[in-house]
Amino acid sequence: MDFGFIFSSAAGELFSPTTAAYALAALGLAVHFGYSGLLNFGQAGFMAVGAYGFAVSTLSFGVPFFIGLLIAVVCSAIFALLLGIPTLRLRADYLAIVTIAAAEIVRYIVTTNQLTSVTGSANGLAAFEGGFYSMNPFPEGSYLGMNNRDFFIRVVGWGLVIVCCVLVWLLMRSPWGRVLKGIREDENAVRSLGKNVYAYKMQALVIGGVLGALAGMIFTLPRGAVQPANYGTELTFFLYTCLLLGGLGTVLGPVVGAMIFWVVLSLTQGILYGLIESGAVTWLNTVQAGQLRYILVGVALMLLMIFRPQGVFGNKKELAFA
Amino acid sequence: MSEQLNVPTQGNTEKIDYMTDSRPIAAGETAPGCKKRDPIVVAENVTRSFGGINAVDVEYLEIPRHKITALIGPNGAGKTTLFNLLTGFDMPNSGKWQFEGNSLAGVSPYKVARMGMVRTFQLTKVMGKLTVMENMRLGGSEQPGERLSKALFKGLWGGREKEITAQANVLLEKFKLDAKKDDYAASLSGGQRKLLEMARSLMVRPKLVMLDEPMAGVNPALTQSLLDHIKNLKAEGMTVLFVEHDMNMVRHIADWVVVMAEGKIVAEGPPVDVMKNPAVIDAYLGAHHDVDLGDAEGIKELAAELVADEESIVGTEDAGIIAIDVVAGESDETEPRKKETE
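Protein sequence lines correspond, in order, to chains V and F.
1 is the number of the first residue of the first sequence in this note's numbering; add one for each residue after it.
1 is the number of the first residue of the second sequence in this note's numbering; add one for each residue after it.
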């Protein structure tokens, strides 16, 4: 077994663009669930709206990169409003039901055969990332063992994560964030103090949704393709895993949670495959090993909930009274 | 029906000390639904039914300004429902109601609160995972940083935040919560949460404070200071409406008592008069309501009353565990009187 390779590929996951995308989307969930108590089970839908909004506007309308970005963000904001208007006046569980359904609706719409010319159906869309890479300021060459394209997307992805973390941190320390946390605890009490709870919840839903859309773009750009299969319900649950790993009501939690998630997946894959190849494990093939990884993530999450329920960054005191 | 009654009230006259203001509260005869000299809230034909049961059916009610009004009545009388209706947390089936002349029909709860009508809840609502101080700050009004557009820039809201914090510190000290200000609200006891909720509602600087059972679960040692706080609200020009079951509290601090039963206003008036009202005694108070069982004298007094009462078994050989010598303990010297059967 080549432990050097296993650890280096695990370390590579730490700063991969996919990890950045997961971190961003989980940060959006932290705004939704961690700070505002909004049970959004459709973050994958927001990511899909972002990714498809960008890809479709680039391929079908030939808009430049930043216009495409803007369209993606606006689409996700509209998506959030559509979900929020009927549900945010109701109890929290209604939002959960509507978001999980809406995310599936988005996925089924882009898979529809009649829309193949626009969305590419199940095969998805490709070759829309040219506008992004044409802005690459790094000349050809090797950067920390990566080519200039890989390096560029990492710089942009993690730059975006840092900017969004700072913004969310600034928002959550402000009185605006305090009202959100109050709503999470008891929205009627906040209402009785003269705050427009509905408007605050809507703002939080839109902000978290836009973070999800940005994550969707960071997720698709390095792949150069967007496919509906990537935006299933399990994606939302992976994001919740990241969020819970890191700590709910924290800014750095989702980021570190996403890193842990991908490093653990990569390590377990490397070790399992190594064991299978060396013949130490005969009762498992590599396909099964791929599935087993997710079981192990689930076990890790359970252990975490039992022994450190507040997550890596969470405040133990906050949970003492839960 | 929004005509202003008997206009010469405060405002144009010289400053009135609301603590000692002894002008009559009612504009005319004291009767259920009577007009007040200076009402702050007027409710008319407000009804709310839950599946055929009329939880609230108020024909006419005025709450006097700058006074402490108690709303009493047996369980299920519709007191809390009336609170919910007045503050917009629930919508009545019919009726009109107004606060300082502004109709409140269809006004959402947060707007009602901004108009100066702030309530607390029977089941205390504190934000457990926020500190006591943050709970208080949440009540602060006109904080520009609560707008998303200004939240990012501390320069725009830092100044107001300091004022709010200062205001919160004063209130926390008054309510003896200043030592707890950096603790999570969830770590407070039930009584302290009641205090925090009341203090938080005062952060809004309301004109009318509506307290839903402010004394429930509060340690008797704290009760006295809480009573003083409520009385002092009046001195600061606020109007208080509270629901309470503790008759002693009602007697001590209320200027006016409104009695509800089965959704209707059955009586109102100054506390002394209302408690003599036979309808109120029947519906709610019970025959021996004026005895304070909290002290030993009260128990003796009640025992003496019951001994004299023909329907009571106290004082007969059947008394068992409610016999005077059992209840009042060894300190009691009165011998149970043999009661002859008629």
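Everything labelled a hint here was simulated from the structure, so no lab data went into it.
None of the values given here were measured: they were computed from a predicted structure.
Heads up, the beta-carbon is just placed ideally off N, CA and C, and yes, glycines get one too.
Treat the hints loosely; a few may be bogus.
Derived DSS-like pairs: lysine-lysine, alpha-carbon spacing no greater than 27 Å straight-line [unchecked claim]:
1. LYS181/F with LYS316/V
2. LYS35/F with LYS207/F
3. LYS96/F with LYS181/V
4. LYS176/F with LYS162/F
5. LYS125/F with LYS174/F
6. LYS174/F with LYS181/V
7. LYS231/F with LYS176/F
8. LYS207/F with LYS264/F
9. LYS300/F with LYS231/F
10. LYS150/F with LYS181/V
11. LYS180/F with LYS264/F
12. LYS96/F with LYS276/F
13. LYS162/F with LYS125/F
14. LYS316/V with LYS180/F
15. LYS181/V with LYS125/F
16. LYS67/F with LYS125/F
17. LYS111/F with LYS181/V
18. LYS316/V with LYS181/V
19. LYS181/V with LYS162/F
20. LYS264/F with LYS300/F
21. LYS181/F with LYS67/F
22. LYS125/F with LYS231/F
23. LYS180/F with LYS125/F
24. LYS111/F with LYS207/F
25. LYS231/F with LYS181/V
26. LYS111/F with LYS176/F
27. LYS67/F with LYS207/F
28. LYS125/F with LYS316/V
29. LYS176/F with LYS181/V
30. LYS154/F with LYS181/V
31. LYS35/F with LYS176/F
32. LYS154/F with LYS176/F
33. LYS125/F with LYS111/F
34. LYS150/F with LYS174/F
35. LYS180/F with LYS35/F
36. LYS207/F with LYS181/F
Listing some non-contacts, in silico: residues in chain V with all C-beta distances to chain F over 10 Å [as the list claims (entries may be wrong)]:
37. LEU90
38. ILE97
39. LEU167
40. VAL190
In rising order, the numbers of the hints this structure does not comply with: Structure breaks hints 3, 9, 11, 12, 20, 21, 25, 26, 31, 32, 34, 35, 39 and 40.
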